[in-house]
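**Student:** Using the sequences provided together with the hints, build the complete structure.
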Amino acid sequence: MTSLQSSLALAALSVHKDDPLLQVYSSTQEKLDAVTAELQKEKNRSKALECEVEDLQGEFESYRLDYLETIRKQDQQLKLLAQILEKIQPTIRKDSNYYNIEKVKKDAVWNEDECRWILPEMSVSRTVLPNAHNGITSINKHEGIMRDSFDDDSSKLRRRPAKSEEESIANNYFKPIRQSNVLNKYRDDHTRNFDVKSYFPNKTATFDNLLNGVVYADDVDTCRTSTGGRRVQGGLLVWKH
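Numbering (our numbering), first residue to last: 718 to 958.
Bear in mind the hints are in silico, worked out from the structure with no lab data behind them. Predicted model, so just to flag it, every value in this text is computed and none were measured. Among the clues, some could well be false.
To be verified - Simulated pairs of lysine to aspartate or glutamate, EDC-like, Cα-Cα distance not exceeding 20 Å:
hint, residue 1, residue 2
1, K811, D824
2, K796, E819
3, K804, D792
4, K760, D772
5, K811, E838
6, K764, E747
7, K760, D750
8, K790, E778
9, K764, D792
10, K822, E838
11, K820, E803
**Tutor:** Okay, here's the thing in structure tokens:
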């Protein structure tokens, strides 16, 4: 128990051996000088810490201003690139994948290790046009189709009048006969028979034929007494001079 107490006492003395209040001084002046020295030491330490804080604040302010300037310059560069892109974008080929800038932005991937963007490879979609022979064939085929359709329409238009004419004939044939229609038909036939007589030559033409020396036998009966001729076989009458 005695050894333990002595060990604790030595440990306490070693901890507080720098404390001027725990020291044993021979006079009060010596104790005051020790306390004053300790106070000055703490003042110097505090001043050093204040200087370090001021240095850190100055460095932080410098970094802050530098960051603000960098952000300002980056914003200006972004606006410049955006304006340049607006001017260049209409000149990009439409069959290129970079024609759609928004799609390129979506396809871009940020690489943390290399600290850069990985952009998609530029590609151009080739449009294959049909050759001239196939184009001419398709045009001829189209013209043939148009011609066939036109012929079909023309044949339909030609069939319509023929069909309507046939229908009118059939309707007139099967049309019921009325009394007025019968009377009109009889009147037309009577007029037609009367007009037919004008188509035959007049009797006076027989005299002209006799002057020429030939006349048909049918006219002999009408002119026998005046001509003095005779009937011959074959239906001709020969004039005797």
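**Student:** Work down the list of hints and note, for each, if the structure agrees.
**Tutor:** Outcome of the hint check:
1. K811 to D824: This hinted pair holds, its Cα atoms lying about 18 Å apart.
2. K796 to E819: Status holds; Cα separation ~16 Å.
3. K804 to D792: 19 Å, holds
4. K760 to D772: 18 Å, holds
5. K811 to E838: 16 Å, holds
6. K764 to E747: 26 Å, violated
7. K760 to D750: 15 Å, holds
8. K790 to E778: 18 Å, holds
9. K764 to D792: Roughly 42 Å between the alpha carbons, so the hint for K764 and D792 is violated.
10. K822 to E838: 13 Å, holds
11. K820 to E803: The given pair, whose Cα atoms are some 15 Å apart, holds under the 20 Å limit.
Figure legend: structure checked against the earlier numbered hints; hints not met, in rising order: 6 and 9.
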